[in-house]
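Going by numbering that gives the first Met the number 0, the sequence shown opens with residue 0, and the numbers climb by one from there.
Keep in mind that the hints are not guaranteed to be accurate.
[Said to hold, decoys possible] Straight-line distance between alpha carbons at most 25 Å, and here's what the computed DMTMM-like set of lysine to aspartate or glutamate pairs gives:
#1 K386 to E128
#2 K386 to E323
#3 K386 to E126
Derived by calculation from the structure, the hints in this document are not laboratory data.
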Amino acid sequence: MGSSYRWVILGLAWLVIFFVNYSWYVLPPLEQELSSSLGLSTGQLYLLLTAPTLAAALASLPGGAVGDRLGVRRTVLMGVVMGSLAGGLRCLSPSFLPLWLLTFLVGASMALVVPNLPKLVGEWFPEGETGAASGIYVSSMGLGISAGLSTGALFPSWRWAFLLTGLGMFLSALLWLLLAREPPGGGHKGVPLRESLSHAVRSRNVWLLAAAQFLFLGGFISYTGGLTHAVQEVFGVGAEEAGALSALAVVGMVVGNLLWPPLADRTGRFRGFLLLCALTSGPLLSLAWFSAYGPLTWILVFVGGVMAGGMPPLLLAYPPLLPEVGPRYSGGASGLILTSGNLGGITVTLTLFHPLSERGYDPAFLFLGAVFCLIALFSLPLARVGKRPRS
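Model the full assembly from the supplied sequences, consistent with the hints where possible.
The following block contains the structure:
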């Protein structure tokens, strides 16, 4: 556990996750070019944007169980190679269907990689560093999203964007192949798929974490997407400024990824920080909408993002720390949690936020504030994990 090589492994995981998310979020800035080049409708563009989420929702649970069976090193390698091939081959797409299928496979590659990162942390890092390590790899998700959104339109064409993104992902796969190792203490001891899934579904704590992740991803995806359109429609803000405001929430989230988990490590109060982040992020993000548009809006969006950013790494740090799960079964448990989160990203946005926003943005953003606060309800019954400092 004390091997300094754990930081090399974490750096490799950070790079892999960055490119996985970049490959997904390079797509939105290319919408207009894709529409004119391939003749895509608005509905088809929406299906493209949601394809990775759908794939991750369907495949995260089996992807985590595969990690418990084959080990993190082999499973992540399979995922990132598949993602690099699918992401790069999108440049050859002649029409909507091949492009959708390849984009779906990019999401499926995420389902082999992301659920196994909590397992990686549990196998390589001591208990007192679990939160900080989780915050570091989760931060690469937000940075990959921000980089994709901000640089996607800079490529010469959409075909070059997909080709070069696939090459970058392939480079991360090559580095993983050359440098990733089995965890300290010997080779991986495989867990049968049924045993892995059984431990996940029988744990009350895992279901509580899954419910919290459902609410978090549903709330945050709805907020960042909805805020962009709402400030343009209501306050007459330009598209670039509106996009920058939503991106600021993601930047704040990355800061929160790195800020709160180390504090949870030092104090042993993972549940306490989850409650703090849930109960403060909701009011702050709602107030950002209800305040008159101006500098205060930007401050509240950023600070709300910082508070919200503590929740994903704290939720994902839990499985390897739970006695009934531990590093051995944390792939399947994390897969269940992430499956629930991706379902939340689809369900909350489509069935709750959008219908409410059609009646008015005030009730919609008030609802999202309540969604973040509701995470506290599922965090409160969680088991206590983490080492408390000796008094």
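Q. Going through the earlier hints one by one, which of them does the structure break, listed in rising order?
A. The structure conflicts with no hint, since it agrees with every one listed earlier.
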